[in-house]
Amino acid sequence: MEPTVSFFSGFAPKDLLFLGEAALRTMWISVLSISIGTLLGVVFGWILYEGKWAAALTVAPILDIFRSVPLIIQLVLFYNFAPIVGLNLDPFASGVVILTIYTASLVANVARGGIEAVEPPMRRAARSLGMSYWQDLRHVVLPIGGRAVFPAWVGVALGVMKDSALVSVLGYVELLKASQILITRTQEPFLILSIAGAFYFALSYPISRYAASLERKWAQ
Amino acid sequence: MIEIHDLHKYFGSLHVLKGINLNVEKGEVLSVIGASGSGKSTLLYCINGLEPVQQSNAVVDGTDVHAKGTDINKLRQQLGMVFQQWNSFPHLTALENVALAPKIVKGKSKAEAREIAAQQLKHVGLGEKLDVYPSALSGGQQQRLAIARALAMEPEYMLFDEATSALDPELVGEVLETMRMLAEEGMTMICVTHEMGFARDVSDRVAFFHQGVMEEIGPPEQIFGNPQSEHTQKFLANVR
Ligand SMILES: Nc1ncnc2c1ncn2[C@@H]1O[C@H](COP(=O)(O)OP(=O)(O)O)[C@@H](O)[C@H]1O
Ligand SMILES: [Mg+2]
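Protein chains in written order, with the working numbering: chain A, 1 to 220; chain B, 1 to 240.
Cross-link-like lysine-lysine pairs, in silico, DSSO-like; alpha carbons within 27 Å at most:
| no. | chain 1 | residue 1 | chain 2 | residue 2 |
| --- | --- | --- | --- | --- |
| 1 | B | Lys122 | B | Lys108 |
| 2 | A | Lys52 | B | Lys68 |
| 3 | B | Lys234 | B | Lys18 |
| 4 | B | Lys103 | A | Lys217 |
| 5 | B | Lys74 | B | Lys103 |
| 6 | B | Lys122 | B | Lys26 |
| 7 | B | Lys129 | A | Lys217 |
| 8 | B | Lys129 | B | Lys110 |
| 9 | B | Lys26 | B | Lys74 |
| 10 | A | Lys217 | B | Lys110 |
Just some of the chain B residues that point at chain A, by a computed CB distance under 8 Å:
| no. | residue |
| --- | --- |
| 11 | Asn48 |
| 12 | Leu50 |
| 13 | Met81 |
| 14 | Phe83 |
| 15 | His91 |
| 16 | Val105 |
| 17 | Tyr133 |
| 18 | Met153 |
Rough simulated footprint, nothing fancy, chain A against chain B, three-plus residues with beta-carbon under 8 Å:
| no. | region |
| --- | --- |
| 19 | 63-76 |
| 20 | 98-104 |
| 21 | 144-152 |
These are computed hints drawn from the structure, not numbers from a lab. From the three backbone atoms N, C-alpha and C, an ideal C-beta is built for every residue, glycine too.
Whenever a hint applies, use it, and build me the whole structure from the sequences.
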């Protein structure tokens with residue numbers, strides 16, 4: 001008798017490769033969003049710090065919106081409404097745009113906290129040496145404040161990496177989407193979700209370890 | 001030469017400096033004494049432009065500190081300042097603390113800046129501590145580090161704002177010793193201080209501030225031996 005060809009088939013080694021590629025996509029979308037978002041967030045943080053009430057009335061509420069509306073809603077809204085204003089972005093690009101803005105809105109507050117962590121007397125001392133405003137920011141505020149809020153920033157970065165799973169709702173095949181596809185086929189959710197979880201762990205663990213070692217180095 | 005003519009400073013409606021007239025010659029050591037809140041720190045901040053003023057003629061070597069066209073960052077290189085709090089840059093070693101400004105402000109090469117820094121640290125007695133982070137230094141050592149950091153810009157003047165007030169009593173001596181050494185080397189200095197012994201022994205003139213007014217100025221013998229103003233007498237009676 002002919003073996004029945006089943007629509008469902010078990011987990012095969014090549015599926016591991018499929019998940020691995022998806023993990024790389026998760027990494028790629030995260031690295032892009034976190035790095036661009038961090039740069040933007042630092043600029044916004046500086047505006048929040050220097051802009052006083054003007055920033056409190058303009059930039060701050062906008063950032064609040066992006067920070068408080070659930071990411072999944074932002075993603076779906078942006079993906080579906082961007083074409084109306086003539087922006088035809090694929091799921092990947094849409095995901096990067098929204099994740100970047102989301103990261104920036106979170107990093108803005110972290111960055112403002114970092115600037116505030118450097119006491120005015122320290123900055124006066126820097127200026128009294130003849131440093132310009134920007135030299136003080138670059139050589140005194142950035143390294144000192146940056147170290148003070150580095151743990152908070154790592155928290156944001158790891159959070160965004162996990163939240164990048166939400167881009168799957170747009171059909172982008174990152175780690176979570178890939179797992180769903182495999183689960184549908186193999187009907188082995190426990191095994192596949194465990195593997196996906198392990199990939200997420202493998203992505204974030206080196207970052208936490210590296211961050212911890214940096215903090216130890218700075219602490220001395 | 002520092003020339004201050006009719007300097008007025010307000011914080012909001014608070015009149016903090018009420019028409020100060022003061023000249024400090026090259027090579028002179030001036031001590032500024034007076035009760036807390038009398039405007040001594042504010043005077044120093046106005047001299048190096050850290051505080052804007054409402055009305056002034058503060059002129060350093062012919063340059064008006066508060067004029068629009070003045071390159072204040074350049075002028076500040078002439079005016080080293082040491083604060084009550086030492087403000088060491090915690091992420092840099094002692095050597096890097098001192099080398100930073102010569103490198104980025106004056107554009108010295110890294111090697112040159114490090115050489116200047118090592119030299120100034122030796123100068124203030126920290127030659128053994130070049131590669132130590134500030135957290136491993138005592139308050140007195142950090143304050144001497146702050147002095148070296150200011151000296152590395154090769155200033156013409158040094159402004160000290162209660163440089164020893166935040167120190168534990170046993171650490172005050174080493175910082176005063178360093179300041180005394182600078183005075184003997186001929187540095188022009190304005191020292192806001194509560195150390196009457198230092199003011200008496202080291203300065204050429206002593207100025208007494210009272211509620212935003214420079215009540216009395218003269219040689220230490222006059223201020224300490226025969227003060228003219230009633231406020232000066234009261235103040236000195238209390239600190240003794
Ligand atoms: N940044 C500021 N804002 C408002 N008031 C200030 C500020 N700095 C100093 N003052 C006030 O100015 C007066 C003089 O202060 P200061 O120059 O620090 O005195 P001193 O150094 O003699 O103790 C005080 O009444 C003080 O409260
Ligand atoms: Mg003071």
